[in-house]
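Chains A and B, in that order, give the protein sequences.
For the first sequence, the numbering used here gives the first residue as 1, with consecutive numbering after it.
For the second sequence, the numbering used here gives the first residue as 112, with consecutive numbering after it.
Be aware that one or more of the hints could be misleading.
Some, not all, of what chain B presents toward chain A, calculated at C-beta under 7 Å [unchecked claim]:
1) P147
2) P150
3) L178
4) L179
5) F207
6) R221
7) L308
8) L337
Honestly, the hints are just simulated from the structure, not real lab data.
Positions of the beta carbon are idealized from the N, C-alpha and C atoms, including for glycine.
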Amino acid sequence: MNGTDLWTVVTIIGLTLVTILTRSFFFLSGKPWSLPRWAQSGLRYAPVAALSAVIIPEIVMSQGQLVSHVKDARLFAAIAGVAWYYWRRGVLGTIVAGMAVYLPLRLGLGW
Amino acid sequence: MSGGRTRSSAIGRWAHTVKTLMRHPQFRVGAGDFAPVVPGIAAWGVMAGVAMVQSGMSLVEATLMGLLVFAGSSQLAAIPLISAGAPMWVILATGFCVNLRFVVFSIHLRQYVMHETRWRRLLSGYPMADLNYVMFTRRFPQPATEAIGIEAQDAYRAGNGTAGWISWAASNLLGIALANSIPVSWGLGFAGILALLGIGCSLVTTGLTAVSAGIAGTAAVAAFALPLKLNILVAIAAAVAVCLILEKPASRHTLETGGRH
Numbered sequence: 001m002n003g004t005d006l007w008t009v010v011t012i013i014g015l016t017l018v019t020i021l022t023r024s025f026f027f028l029s030g031k032p033w034s035l036p037r038w039a040q041s042g043l044r045y046a047p048v049a050a051l052s053a054v055i056i057p058e059i060v061m062s063q064g065q066l067v068s069h070v071k072d073a074r075l076f077a078a079i080a081g082v083a084w085y086y087w088r089r090g091v092l093g094t095i096v097a098g099m100a101v102y103l104p105l106r107l108g109l110g111w
Numbered sequence: 112m113s114g115g116r117t118r119s120s121a122i123g124r125w126a127h128t129v130k131t132l133m134r135h136p137q138f139r140v141g142a143g144d145f146a147p148v149v150p151g152i153a154a155w156g157v158m159a160g161v162a163m164v165q166s167g168m169s170l171v172e173a174t175l176m177g178l179l180v181f182a183g184s185s186q187l188a189a190i191p192l193i194s195a196g197a198p199m200w201v202i203l204a205t206g207f208c209v210n211l212r213f214v215v216f217s218i219h220l221r222q223y224v225m226h227e228t229r230w231r232r233l234l235s236g237y238p239m240a241d242l243n244y245v246m247f248t249r250r251f252p253q254p255a256t257e258a259i260g261i262e263a264q265d266a267y268r269a270g271n272g273t274a275g276w277i278s279w280a281a282s283n284l285l286g287i288a289l290a291n292s293i294p295v296s297w298g299l300g301f302a303g304i305l306a307l308l309g310i311g312c313s314l315v316t317t318g319l320t321a322v323s324a325g326i327a328g329t330a331a332v333a334a335f336a337l338p339l340k341l342n343i344l345v346a347i348a349a350a351v352a353v354c355l356i357l358e359k360p361a362s363r364h365t366l367e368t369g370g371r372h
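Please build the complete structure, drawing on both the sequences and the hints.
Structure, rendered in structure tokens:
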């Protein structure tokens with residue numbers, strides 16, 4: 001393992017401040033203002049949109065391209081996870097069922 | 112003398128606030144809501160720990176990053192840049208852009224935290240990662256207006272955020288410790304995506320939330336070539352815009368009856 005570098009430590013502290021700054025961005029100013037009504041109602045769709053935008057590319061893309069063949073463990077794991085969710089409504093089960101499909105396909109078949 | 116007294120009373124107030132939040136029943140509810148996703152987040156955190164060590168970071172550096180930065184996507188974006196010796200401003204700007212969706216979340220969350228002092232608001236924002244934001248707004252679709260409700264929301268956020276931080280930090284440390292015994296090729300980090308997938312399914316409760324998920328997923332794939340994960344931002348904007356257009360005829364009715372979707 002390499003030695004600790006002061007520059008890297010400062011960078012890590014900077015990244016911590018970036019986390020705080022981005023997550024609190026609109027809390028910083030104490031000036032009162034409120035969102036227009038249309039924006040407020042639009043924000044109701046933001047949480048599910050954010051999750052979907054993070055998840056879907058991680059399932060259907062590899063190296064910047066849509067997966068072109070179905071021999072991909074992630075696709076089957078995601079289907080198993082979603083099926084479990086709608087069958088039993090549990091997030092823990094979604095993870096377990098998904099990984100139960102993912103690991104054998106990936107480690108056993110090399111998908 | 113008086114400066115010391117002010118400081119100790121400020122610490123006393125903080126200690127009191129922390130104690131009040133932790134004793135509130137909603138603290139446990141918040142932590143409990145996070146529990147089912149812990150295996151997914153932990154698997155992802157372990158892989159982040161492995162990635163930090165394998166990129167050549169020292170034990171001190173990797174530990175600090177795992178304990179402090181508390182943001183998977185910006186850690187994973189920064190790791191190769193640090194090992195390549197990129198300029199600091201490039202690394203920080205990259206972290207900022209990769210985190211831009213949190214800026215959008217903060218617009219939404221603002222109305223829930225503005226009763227706090229600025230320092231407490233920063234602390235409230237710090238643990239608001241994707242899942243914490245989603246779980247909080249799912250549990251509290253409207254900001255409370257009276258003191259009892261506000262206290263409950265604060266306590267829920269604190270419990271949910273603490274559970275998130277402990278899971279992330281502990282799993283990063285585990286990954287650092289096991290860096291040489293877990294092969295990256297196993298792809299264990301995929302469990303994190305499955306955790307998000309389960310929570311995502313729980314949010315699809317109406318036709319429009321399904322549309323939002325569909326548009327955002329498609330747009331994120333279509334705009335994947337954008338640098339710095341800006342495709343995620345484009346996807347959120349597209350999904351929200353489409354849903355606003357689609358809901359327009361119904362929204363007047365919703366607002367008049369005061370009902371929610």
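(message) Name the hints, by number, that the structure is in violation of.
(response) Of the numbered hints, 3 and 8 do not hold.
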